[in-house]
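There are 2 protein chains.
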Amino acid sequence: MTELELVRRIRAWAPRAGRGVLLGIGDDCAVFRPRGAREDLLFTTDLLIEGVHFLREAHPPQAVGWRTLARGLSDIAAMGGRPRFCLLSLALAAWTDRRWVEGFYRGLLRLAWREGVALVGGDLSHAERVMCDIVLCGAAPKGRWLRRDGARPGDGIYVSGPLGASALGLRTRRGRAWRLHLKPEPRLELGRLLRTRFHATAAIDLSDGLSLDLHRLCLASGVAAELDQVPVFPRATLEDALHGGEDYELLFTLPRNTDAFPRIGTVVKGQPGALRLASQALPPRGYDHFGG
Amino acid sequence: MTELELVRRIRAWAPRAGRGVLLGIGDDCAVFRPRGAREDLLFTTDLLIEGVHFLREAHPPQAVGWRTLARGLSDIAAMGGRPRFCLLSLALAAWTDRRWVEGFYRGLLRLAWREGVALVGGDLSHAERVMCDIVLCGAAPKGRWLRRDGARPGDGIYVSGPLGASALGLRTRRGRAWRLHLKPEPRLELGRLLRTRFHATAAIDLSDGLSLDLHRLCLASGVAAELDQVPVFPRATLEDALHGGEDYELLFTLPRNTDAFPRIGTVVKGQPGALRLASQALPPRGYDHFGG
Chain A
42 MTELELVRRI
52 RAWAPRAGRG
62 VLLGIGDDCA
72 VFRPRGARED
82 LLFTTDLLIE
92 GVHFLREAHP
102 PQAVGWRTLA
112 RGLSDIAAMG
122 GRPRFCLLSL
132 ALAAWTDRRW
142 VEGFYRGLLR
152 LAWREGVALV
162 GGDLSHAERV
172 MCDIVLCGAA
182 PKGRWLRRDG
192 ARPGDGIYVS
202 GPLGASALGL
212 RTRRGRAWRL
222 HLKPEPRLEL
232 GRLLRTRFHA
242 TAAIDLSDGL
252 SLDLHRLCLA
262 SGVAAELDQV
272 PVFPRATLED
282 ALHGGEDYEL
292 LFTLPRNTDA
302 FPRIGTVVKG
312 QPGALRLASQ
322 ALPPRGYDHF
332 GG
Chain B
42 MTELELVRRI
52 RAWAPRAGRG
62 VLLGIGDDCA
72 VFRPRGARED
82 LLFTTDLLIE
92 GVHFLREAHP
102 PQAVGWRTLA
112 RGLSDIAAMG
122 GRPRFCLLSL
132 ALAAWTDRRW
142 VEGFYRGLLR
152 LAWREGVALV
162 GGDLSHAERV
172 MCDIVLCGAA
182 PKGRWLRRDG
192 ARPGDGIYVS
202 GPLGASALGL
212 RTRRGRAWRL
222 HLKPEPRLEL
232 GRLLRTRFHA
242 TAAIDLSDGL
252 SLDLHRLCLA
262 SGVAAELDQV
272 PVFPRATLED
282 ALHGGEDYEL
292 LFTLPRNTDA
302 FPRIGTVVKG
312 QPGALRLASQ
322 ALPPRGYDHF
332 GG
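Top to bottom, those sequences are chains A and B.
According to our numbering, numbering within the first sequence proceeds without interruption in unit steps and concludes at 333.
According to our numbering, numbering within the second sequence proceeds without interruption in unit steps and concludes at 333.
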C-alpha cells in the first residue's frame, strides 16, 4: 500500500461533514470556518522523527527545532495564510539530555518569535527515538486561501527558487546547501503574494520532492504537466532537484506569464498526475513513507 | 528534569502573546478566539506510542484507534467543550499490516462518527514503533470554558465515577475493567453539564492518575486538598485508584454540595499542590514520562 493509496482510503472512511469544515484531507492544510468569524482558519500537522527526518549525529538540536516549525509554516505558506499559533507534541528518548532539549526549543522558538507564532500547548512523552509532531494554525481571508486542485490546462508552472539544495546539503554537510538544509525558510510572504497579487490557480509546498509534489498537485487538479527546465541549486544534481525533498520552496500555477519566478513548465490536458520532462515520461519518485 | 519542570521551562521560553490566544500552555486545552467568532475554540494534542501507551500484543488495533481519539475527546470534555474536528499524525512500523491499519481507523472512526467529529487532516510517516498524535478542536461559548486553576478553599472535590478500572484491566486483561481500559468513554456530556449546571470552579481529566492530576489542579489553583475517601472500581486496589492512569473520568471542584457525584474531599488553603488522604501526606505518583 503506498502513501497515496492509504490517504485515499482514509478519505473514503472518514466523516467529513463537520459543521464549519470547508476543506478536509488532501491539501496542505484543512480549512475551518468558525461560526461568525471574519476569517478562515488553516490547520496542518507534520511529523519529525529521528532516523527518518533527522539524524542524531548530523543535525544539531537547534536545527531540529527550527525545521520542525518550518515544516508546519511551509504548509501555511502554501495556502497563502498567516500563521497564528502552534502546538507541539514531543517524545524524548533516553539519549536526549537537558542541553539537547534546550537547543531544540531554542531553535523552534527563535522562528516562532520571528513569525509571531504563539506556542500554546502540546504533549510530552518518551519513546525509543525522538519524535515530534507540530500543529500549526494559520488564518486567511474567507474563501481566499490557495489550494492544490485549481490548476488548469494552459497555466504556467513555477517554483519560488532553485531546487535540490536540501538533498545536496544533507549529502555534503557543508556550505550554503547544508545551511539551507538546517534552516529552511518557509515562504510565508510569497504565499500571501501568490494569493493577493499573482492570482495563483494552485499551490503546494515542496516537502517531498518536485516530481511527487507536482504529481499530487496535478492529480488533485485532474491535469497533467509538461516540464521544460528545472532550476537546479548550484552543484546539486538534476536528481536532487527533481526528487530530493525538503527544499520548502513553493510550487504553483499561474494563469498569466510573469518574469518574477522561474517558469518550469506548463499545465496540460492528459492522464491526471502524469508528468513529462523534455518530452520524456517523469515518474513521481519523491519520498513515500510506504515505499510506493 | 521532571515533566512538570520541563513544562514550566517551556512556558517561560515560549511566546504567548498571539492575537486571539486566551489560554496557552498549562491546561487540558489551549483556547483561541477567532476574530469575530461567536464561540471560543479549544485545542489539545495527545501522543499514543507503542510500548508506552499501548502494547502490540495486548491491544487490538480497534482499541488503539478508539483510545487515541478518546484521549483527545477527554481533554475537550474537561473544558466543557463540544468536539468539532480532529487531525491525526500516524507513524506506522514495519510490523503494521493492512489489517492493523484498517482496524486502527475503524476503532478511531467509530467514535468519531458517534461524536460528530470530522477527520480533516494529519500526516503519515513510518518509524520503528507505531506512534500517533491526535489533535482535537472543540468549541465552547465565549469565555465559558472550564479550567483547572479556579478551585477555591472550601470547594468540594468530586470525581465522575469509580477509579482504577483501567489499571486493573491492564493487569488482568479480562472482564469489565479490561473492556473499560480498551474503550474508555470520554465524559463529554458531563463536561458540558459541569459548566452549564453545576458551575464547577475547576476541572481536569484523569489521564495520568488521581494523585498527579489532582496535584496539577491544586498547583494551578494555588490550593491544597484533603481527600476523605476515593471510590474504587470493584476489585481494583486503592493504589490503582490513586495512581493508575487512563480512567478518563473527570475530576472537578464544586462550590456547593451535591449528591450527583461521589465527593472525595475538600479544597483547603496550604502549600499549593499538597495532597492529604485520611490526614496522611499523599505524594503525587501518577505517570510522569521523565520519571519525576
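Among these hints, one or two may not hold up.
Identical copies carry no separate label here, and so any pair may be met within one copy or between two of them.
Result set (SDA-like, lysine to any residue): computed pairs, CA atoms no more than 25 Å apart in a straight line [said to hold, decoys possible]: (1) K310 with G67; (2) K183 with D269; (3) K224 with P56; (4) K310 with V142; (5) K224 with T307; (6) K183 with R79; (7) K310 with G191; (8) K183 with V62; (9) K224 with A53; (10) K224 with F302; (11) K310 with R140; (12) K224 with W54; (13) K224 with R317; (14) K310 with R76; (15) K310 with L234; (16) K183 with E143; (17) K310 with P182; (18) K183 with A78; (19) K224 with E98; (20) K183 with G144; (21) K183 with R49; (22) K183 with G77.
Source of the hints: derived by calculation from the structure; they are not laboratory data.
Results of checking the hints against the structure:
1. Taking the closest pair of Cα atoms, K310 and G67 come within 25 Å of each other only inside a single copy of the chain (21 Å); across copies the shortest separation is 52 Å, beyond that limit.
2. Proximity of K183 and D269 under a CA criterion of 25 Å is satisfied in neither setting, with 35 Å inside one chain copy and 54 Å between copies.
3. For a Cα distance limit of 25 Å, the shortest separation of K224 from P56 across copies, 20 Å, qualifies, whereas the shortest one inside one copy, 37 Å, does not.
4. Taking identical chains as interchangeable, the C-alpha atoms of K310 and V142 are never at most 25 Å apart, the minima being 50 Å within one chain and 35 Å between chains.
5. Neither within a single protomer nor between protomers do K224 and T307 lie at most 25 Å apart by alpha-carbon distance, with minima of 31 Å and 52 Å respectively.
6. Within a single copy, K183 and R79 get their C-alpha atoms as close as 7 Å, and across copies as close as 16 Å, so both meet the 25 Å cut-off.
7. Proximity of K310 to G191 under the C-alpha cut-off of 25 Å is restricted to the intra-copy arrangement: shortest distance 13 Å within a copy versus 61 Å between copies.
8. For the identical chains of this complex, K183 and V62 are neighbours both inside a copy (13 Å) and across copies (20 Å), given an alpha-carbon limit of 25 Å.
9. Taking identical chains as interchangeable, the C-alpha atoms of K224 and A53 lie at most 25 Å apart only when they sit on different chains, with a minimum of 24 Å there against 37 Å within one chain.
10. In the homo-oligomer, the alpha carbons of K224 and F302 lie at most 25 Å apart inside one protomer (22 Å), although the nearest pairing across protomers, at 53 Å, exceeds that limit.
11. For the homomeric pair K310 and R140, neither the shortest alpha-carbon distance inside one copy (54 Å) nor that between copies (37 Å) is at most 25 Å.
12. In this assembly of identical chains, the alpha carbons of K224 and W54 lie at most 25 Å apart only when taken from different copies (20 Å versus 37 Å within one copy).
13. Taking the shortest alpha-carbon separations for K224 and R317, neither the intra-copy value of 31 Å nor the inter-copy value of 50 Å comes in at or below 25 Å.
14. In the homo-oligomer, the alpha carbons of K310 and R76 never lie at most 25 Å apart, since the shortest distance is 39 Å inside one protomer and 41 Å across protomers.
15. When the C-alpha separation of K310 and L234 is checked against a cutoff of 25 Å, the pair qualifies neither within a copy, at 27 Å, nor between copies, at 56 Å.
16. Proximity of K183 to E143 under the C-alpha cut-off of 25 Å is found in neither arrangement, the shortest distances being 38 Å within a copy and 35 Å between copies.
17. In this homomeric assembly, K310 and P182 never come within 25 Å of each other (Cα to Cα): the closest approach is 31 Å inside a single copy and 49 Å across copies.
18. In this assembly of identical chains, K183 and A78 lie within 25 Å of each other by CA distance both inside one copy and across copies; the values are 9 Å within and 13 Å between.
19. With identical chains, the CA atoms of K224 and E98 are at most 25 Å apart within one copy only, with a shortest distance of 17 Å there and 40 Å across copies.
20. For the identical chains of this complex, K183 and G144 are neighbours neither inside a copy (38 Å) nor across copies (37 Å), given an alpha-carbon limit of 25 Å.
21. Proximity of K183 and R49 under a CA criterion of 25 Å is satisfied in neither setting, with 27 Å inside one chain copy and 37 Å between copies.
22. Proximity of K183 to G77 under the C-alpha cut-off of 25 Å is found in both arrangements, the shortest distances being 11 Å within a copy and 12 Å between copies.
Consistency with the previously given hints fails for numbers 2, 4, 5, 11, 13, 14, 15, 16, 17, 20, 21, ordered from lowest to highest.
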